[in-house]
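With these hints in hand, go ahead and build the complete structure from the sequences.
The primary structure of each chain is shown beneath.
There are 2 protein chains.
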Amino acid sequence: MSEGVNRRWLLKEYPEGMPSVDTWRMSEDPIPQPGPGQILVRVKWLSVDPYMRGRISPAKGYAKGVEIGELMQGGGVGEVTVSNHPAWKPGDIVESMDVGWQEWALLTPAQGGVFRIDPALAPIQSALSWLGMPGMTAWFGLLEVGRPRPGDTVVVSAASGAVGQLVGQLAKIAGCRVVGIAGRDDKLAWCREIGFDETINYHAAGDLVKAVASACPRGVDVFFDNTAGPIHDAVMKNLANYARVVQCGRIALAGQAGKPDMGERFIGHLIVTRASMHGFLVFDWYHRRDEALNRLAALAAEGKLETREDVLDGIERMPEAFMRLMEGRNFGKQLVRLEG
Amino acid sequence: MSEGVNRRWLLKEYPEGMPSVDTWRMSEDPIPQPGPGQILVRVKWLSVDPYMRGRISPAKGYAKGVEIGELMQGGGVGEVTVSNHPAWKPGDIVESMDVGWQEWALLTPAQGGVFRIDPALAPIQSALSWLGMPGMTAWFGLLEVGRPRPGDTVVVSAASGAVGQLVGQLAKIAGCRVVGIAGRDDKLAWCREIGFDETINYHAAGDLVKAVASACPRGVDVFFDNTAGPIHDAVMKNLANYARVVQCGRIALAGQAGKPDMGERFIGHLIVTRASMHGFLVFDWYHRRDEALNRLAALAAEGKLETREDVLDGIERMPEAFMRLMEGRNFGKQLVRLEG
Chain A
1 MSEGVNRRWL LKEYPEGMPS VDTWRMSEDP IPQPGPGQIL VRVKWLSVDP YMRGRISPAK
61 GYAKGVEIGE LMQGGGVGEV TVSNHPAWKP GDIVESMDVG WQEWALLTPA QGGVFRIDPA
121 LAPIQSALSW LGMPGMTAWF GLLEVGRPRP GDTVVVSAAS GAVGQLVGQL AKIAGCRVVG
181 IAGRDDKLAW CREIGFDETI NYHAAGDLVK AVASACPRGV DVFFDNTAGP IHDAVMKNLA
241 NYARVVQCGR IALAGQAGKP DMGERFIGHL IVTRASMHGF LVFDWYHRRD EALNRLAALA
301 AEGKLETRED VLDGIERMPE AFMRLMEGRN FGKQLVRLEG
Chain B
341 MSEGVNRRWL LKEYPEGMPS VDTWRMSEDP IPQPGPGQIL VRVKWLSVDP YMRGRISPAK
401 GYAKGVEIGE LMQGGGVGEV TVSNHPAWKP GDIVESMDVG WQEWALLTPA QGGVFRIDPA
461 LAPIQSALSW LGMPGMTAWF GLLEVGRPRP GDTVVVSAAS GAVGQLVGQL AKIAGCRVVG
521 IAGRDDKLAW CREIGFDETI NYHAAGDLVK AVASACPRGV DVFFDNTAGP IHDAVMKNLA
581 NYARVVQCGR IALAGQAGKP DMGERFIGHL IVTRASMHGF LVFDWYHRRD EALNRLAALA
641 AEGKLETRED VLDGIERMPE AFMRLMEGRN FGKQLVRLEG
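Chains A and B, in that order, give the protein sequences.
Oh and the first sequence: position 41 is 41 in the working numbering, straight run, nothing missing.
Oh and the second sequence: position 14 is 354 in the working numbering, straight run, nothing missing.
The reader is advised that the hints may include incorrect statements.
Said to hold, decoys possible - Result set (DSSO-like, lysine-lysine): computed pairs, CA atoms no more than 27 Å apart in a straight line:
hint: 1; chain 1: B; residue 1: Lys404; chain 2: A; residue 2: Lys259
hint: 2; chain 1: B; residue 1: Lys599; chain 2: A; residue 2: Lys237
hint: 3; chain 1: A; residue 1: Lys259; chain 2: A; residue 2: Lys64
hint: 4; chain 1: A; residue 1: Lys210; chain 2: A; residue 2: Lys172
hint: 5; chain 1: B; residue 1: Lys599; chain 2: A; residue 2: Lys259
hint: 6; chain 1: A; residue 1: Lys210; chain 2: B; residue 2: Lys404
hint: 7; chain 1: B; residue 1: Lys577; chain 2: A; residue 2: Lys259
hint: 8; chain 1: B; residue 1: Lys550; chain 2: B; residue 2: Lys512
hint: 9; chain 1: A; residue 1: Lys89; chain 2: A; residue 2: Lys64
hint: 10; chain 1: B; residue 1: Lys599; chain 2: A; residue 2: Lys210
hint: 11; chain 1: A; residue 1: Lys237; chain 2: B; residue 2: Lys404
hint: 12; chain 1: A; residue 1: Lys237; chain 2: B; residue 2: Lys577
hint: 13; chain 1: B; residue 1: Lys550; chain 2: A; residue 2: Lys64
hint: 14; chain 1: B; residue 1: Lys644; chain 2: A; residue 2: Lys64
hint: 15; chain 1: B; residue 1: Lys512; chain 2: B; residue 2: Lys644
I should point out that these hints are in silico values taken from the structure, not numbers from a laboratory.
Quick caveat: nothing in here was measured; it's all calculated off a predicted structure.
Structure (structure tokens):
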């Protein structure tokens, strides 16, 4: 962190298909001064999340994306250094989705989405992971949309990722049989360590439809899907009657963003099984943020949640961290730790 | 109806793709005698329904299909002529899905699925249409799965069909704006007569995605889909946030039964809109049969339901009637009236 300088990652271009480390360019700007009601935050941790792929696409999404030349959007955790808001003081730890890929951020608490973090509760970067947005994703996506019942077979794709690791453990706590799918044996070994009953390496499985069938002999009751693509297709062919598919992510399609996703459709499977597919966005559930995070914190305090982070150091590595995520090279929640 | 003879349609072969009138062969057998607990029924009306396509496929479905050489499955209404069951007497009118494509049927009331029909309430063939299975399909599919709210835009495919005509009218009663899609202008004119706000001829519309967008400027809140195929695709690209898609049928795919349905998938649309797709089978709702039929009867008595039948005469026309349905040549609920 150079004195007086705020390093920021700006969007250079909308990538066609898979982004690259050259999708952004770094800008060095003066550290901003907080206006009325604002706080200045020295960023400590930046989050790297799959939703960011959608924000660098010109296609219409659920949220306003990043314009060319603008600061890249993203969540972060940091320390308040200057406050023009009565509820915040220097030294407070803050989490917000509005930080952006930069070293210093101005936040406006009155606009919402600015959360106080208790550093005594958990390492502060947890607020970007199991004790934050990915935790809420797993909590509400699994429990409110997937509605697991004891004895259900729950399949999770991207099983060792920030969301998948929590979905699997929450499903176990809910009395389910849990099958995790990922692309590397070390990830799957860890999934089994933290309680997954069975795992499938989708690179090594050969016929993925048969592999899912073999791991789920009574069919799949809840499919928490973070990937779309071939894993989705294989699980859809193994749905149990009345299955619920939580369509949370589509990381497998990151390289074809903006193009239609062609392939086999499953309308007949849905009718025959009376299954349902549910598009899920965690941002719909923020009014119940405290509920989810309090429960997750309680489970962690009881020793019932294991979590794993994948940390790179230095803001200069943000594009690299993002590409790790896009290509499944991260192992656990992808984070970037900033100096200072 | 020849004296002492029961004409019956037996499955001759599993059709590849689209069935034909040669998919079945007629057999002439003696009129059966009822055993203990059974009733003998002289069939008056036979139903022709899209689900029958699934019953003549060797693929695994939700129900046991018809074996080669077996009686074709189907619902019918008839008059009891001999009864070995204390609750039934000659002259009673009965409806059952277990009648089959034949002139005389043995039914076993204790096995369930055998319903008494009040001929004073409505023409008895209504028990195969709006006051029977298709009525329940519209009632539960729309109201329990689609969950329309006042002001919602509801799109119905196969809009003038046995189910579509009811879905549209129920959605209007529920305060919705209703758009019907069908393939012939006379069908669509009738839909508008019975209250649909707008209609789309999918043969004549040109760009169907744009046609749906133009008819649904605020997007589609409920899509009651009886067809799958290109109509489905066009509506899926016009979903409003939190839309519910009731996947009830897939008649547009009748010609490719057994083959995968390839094309564009809509996982991204589901996530961005947080919409849900629900496979629906009316047979899950038979425990609430009385509830739906009593309400439908009450609406009809108040003059709030228009219904339309498409009737062919003679059991020899069953395959022809079925092909009319497969090819969208029927106009309203397809029925066959038997002699006698």
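Each hint, compared with the structure:
no.	hint	in the structure
1	B:Lys404 x A:Lys259	violated (40 Å)
2	B:Lys599 x A:Lys237	holds (13 Å)
3	A:Lys259 x A:Lys64	holds (19 Å)
4	A:Lys210 x A:Lys172	holds (23 Å)
5	B:Lys599 x A:Lys259	holds (25 Å)
6	A:Lys210 x B:Lys404	holds (24 Å)
7	B:Lys577 x A:Lys259	holds (13 Å)
8	B:Lys550 x B:Lys512	holds (23 Å)
9	A:Lys89 x A:Lys64	violated (31 Å)
10	B:Lys599 x A:Lys210	holds (18 Å)
11	A:Lys237 x B:Lys404	holds (19 Å)
12	A:Lys237 x B:Lys577	holds (24 Å)
13	B:Lys550 x A:Lys64	holds (24 Å)
14	B:Lys644 x A:Lys64	violated (45 Å)
15	B:Lys512 x B:Lys644	holds (10 Å)
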